[in-house]
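So the chains spell out like this:
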Amino acid sequence: MASQAAVGAPRAGLGRKLLGPQNRNLWFWVFVGPFLLGLLIFVYIPILWSIYLSFFDARNTVTPTTFVGFDNYKFMLTDPAFLSSLGTFAVFAVFIVPVTYAFGLALALAVNRTHWFQAFYRSAFFLPTACSYVVASLIWRMTIFNGVRSGLANTVLGWFGFDNVAWLSVTHPPWYWLVLVTLRLWLQVGFYMILFLAGLQRIPPILYEAAAIDGAKAGWQTFRYITFPQLRATSVAVLVLLLINAFQAFDEFYNTLSNFGSYPPYARPPLVYLYYIALGSQQDLGRGSAGAIILAVLIGLVTVLQARFLTGRRRSA
Amino acid sequence: MSATVSSPQADRAAAARASTKVPRDHRIRREPLDRIGVALRTAMLALGSLIFLIPFYLLIRNSLSVRREIAGRTFTLWPETLQWDNFSAIFANDTIPFARSLFNSVVVSIVQTTLTVALAAMAGYGLARIPFRFSGLLTGVVLATLMIPAAVTFVPTFVMVSSLGWVSSLQGLIIPGLFSALAVFLFRQQFTDFPKDLEEAGRIDGLGYFGVFWRVVLPNSGAFVAAVAAITFLGSWNAFLWPLVIGQDPSSWTVQVALSSYTTSQSPNYPQLFAAATIAILPVMVLFIGLQRFIRQGYESTGSTG
Numbered sequence: 001m002a003s004q005a006a007v008g009a010p011r012a013g014l015g016r017k018l019l020g021p022q023n024r025n026l027w028f029w030v031f032v033g034p035f036l037l038g039l040l041i042f043v044y045i046p047i048l049w050s051i052y053l054s055f056f057d058a059r060n061t062v063t064p065t066t067f068v069g070f071d072n073y074k075f076m077l078t079d080p081a082f083l084s085s086l087g088t089f090a091v092f093a094v095f096i097v098p099v100t101y102a103f104g105l106a107l108a109l110a111v112n113r114t115h116w117f118q119a120f121y122r123s124a125f126f127l128p129t130a131c132s133y134v135v136a137s138l139i140w141r142m143t144i145f146n147g148v149r150s151g152l153a154n155t156v157l158g159w160f161g162f163d164n165v166a167w168l169s170v171t172h173p174p175w176y177w178l179v180l181v182t183l184r185l186w187l188q189v190g191f192y193m194i195l196f197l198a199g200l201q202r203i204p205p206i207l208y209e210a211a212a213i214d215g216a217k218a219g220w221q222t223f224r225y226i227t228f229p230q231l232r233a234t235s236v237a238v239l240v241l242l243l244i245n246a247f248q249a250f251d252e253f254y255n256t257l258s259n260f261g262s263y264p265p266y267a268r269p270p271l272v273y274l275y276y277i278a279l280g281s282q283q284d285l286g287r288g289s290a291g292a293i294i295l296a297v298l299i300g301l302v303t304v305l306q307a308r309f310l311t312g313r314r315r316s317a
Numbered sequence: 001m002s003a004t005v006s007s008p009q010a011d012r013a014a015a016a017r018a019s020t021k022v023p024r025d026h027r028i029r030r031e032p033l034d035r036i037g038v039a040l041r042t043a044m045l046a047l048g049s050l051i052f053l054i055p056f057y058l059l060i061r062n063s064l065s066v067r068r069e070i071a072g073r074t075f076t077l078w079p080e081t082l083q084w085d086n087f088s089a090i091f092a093n094d095t096i097p098f099a100r101s102l103f104n105s106v107v108v109s110i111v112q113t114t115l116t117v118a119l120a121a122m123a124g125y126g127l128a129r130i131p132f133r134f135s136g137l138l139t140g141v142v143l144a145t146l147m148i149p150a151a152v153t154f155v156p157t158f159v160m161v162s163s164l165g166w167v168s169s170l171q172g173l174i175i176p177g178l179f180s181a182l183a184v185f186l187f188r189q190q191f192t193d194f195p196k197d198l199e200e201a202g203r204i205d206g207l208g209y210f211g212v213f214w215r216v217v218l219p220n221s222g223a224f225v226a227a228v229a230a231i232t233f234l235g236s237w238n239a240f241l242w243p244l245v246i247g248q249d250p251s252s253w254t255v256q257v258a259l260s261s262y263t264t265s266q267s268p269n270y271p272q273l274f275a276a277a278t279i280a281i282l283p284v285m286v287l288f289i290g291l292q293r294f295i296r297q298g299y300e301s302t303g304s305t306g
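As given, the protein sequences belong to chains A and B, one line each in that order. Mind the numbering: the first sequence is residues 1 to 317 in this note's numbering, read in order. Mind the numbering: the second sequence is residues 1 to 306 in this note's numbering, read in order.
Note that these hints are calculated values from the structure, not bench results. All C-beta atoms, glycine included, are put in the ideal place defined by N, C-alpha and C. Zero decoy hints are in this set.
Which residues of chain A face chain B? A few of them, derived with a C-beta cut under 8 Å, are:
(1) Ile144
(2) Asn146
(3) Asn255
(4) Ser258
(5) Ser289
Computed footprint of chain A on chain B; a stretch qualifies when at least three of its residues, placed anywhere within it, have a C-beta under 8 Å from a C-beta of chain A:
(6) 35 to 46
(7) 71 to 85
In isolation and in its complexed conformation, chain A is listed as follows (with noise of 0.2 Å):
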């Protein structure tokens, strides 16, 4: 086709050949130049921008003078409170990954084996996940955990005659975690579960009927060795998704445990770190940019080493 177009074209001329055989090119650019412009403008360009900003002393402007080498970098990775924002994204991460992996794979199992109300029960678990973050702290944070009596949290603790928990604002024990992470899974556990309900649905029934003719046992035979194994793609899917949103956890951070501005010392993940850097008080867009480059570098290594070990796995198994 591409080779009649071009016997048919003229062969003269700079501008016809750059707008390709039946204008080709022309329409190519109408179609995908608006868009790639746009990720030019506000992604390419201020990615670089920013890596240019991370060398320079930038406090409250865009175009800094004195270059520092560098000294943001040093600043950020020497910096105890940085350093601390890594720890509790670890410890967030290591709660909500495993924890939102079981349940959502539970639920979908469940829900993809029942056979009353199964588009009710889909549709409850399935509902959080169009809550925003926003909603879900003032509900978390002013009725269920609110640390009073009437908290329903506290509420139920009371029946089993426990005394009040002050539960965003004690540090020892720390049970602003089990806030956080019981908010998270409710807003996100359902879109998980339909990832895996998807993943089990693509399984072919045909395998399930080989291995009850082998004699598998219905339950956990069947689990361990059909359909968790034929869940593989899914799982690793799942696990990469919940570790980079982990990883990017602001909302409901910031929003549980602000208060008039000011946000505690403790529980302050990686992202509302470089909230208050860039865009505090100081506004110092040369340590922020730092900060933002160190993530993106230990996001991207976090993701490539996690793919390879999983993949890793499947290569052994």
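Given chain A, put chain B in place with the hints provided.
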């Protein structure tokens, strides 16, 4: 184009049809233990789904309560008299520009959804179907941004937007979020699988690239467009970090920022705060329940790219 080669879509549809014919419960032997398993599963689902609905119940209860019933000495199951006034009082409350923020959210979400879908569908179609020398390279340029965690770019993007003078403006809220590489990627997949015969038919009828896209491809991809649009709308309505960063003046707050700032303020009026939150999630709930099937399918295609 031979009859034996079937498209992935047809395969999937066939598989779906086949799986609905086979009973959901594949087990052939039934044992007494199974009955316990079924009972446990049913109990877990019933209890779990009730627990998952509790936050919605609390939200509605609170928005119809007086303060004492929300944060008093004991738990109140349901308000004594329903305080519908809370819903009108929040609009009259001077400490939070609620009406304005609601208006901003509506504008931002609708414009952002429309333009994101339009830009991504066109780019996806161009990359999938218009032969161009550097098509592969440019696809790589788009996909590379999928690797960059969106939230980490808020500092660089803020640098750009503030130098354009767009802080606290609607364009600052809307435009940086229009270029979703994920949406382009999904559309590109979708259009690569689109039956070529249909496009050829359109071309024979004299349609050019845009005509084929607008009259043939888009009308036949309705469900997919609906899925991407619904997911984009949800994301846009619920977005918080970027609107917080850019909305430095209360006149440019979205409803999420307004709610957040009222939540963390000195002494919020609890019932009004919850009435505001109820209003804020109402549009997305209606949309979500109405378009649940499309949203689910959209998420499924997102997940399989992970």
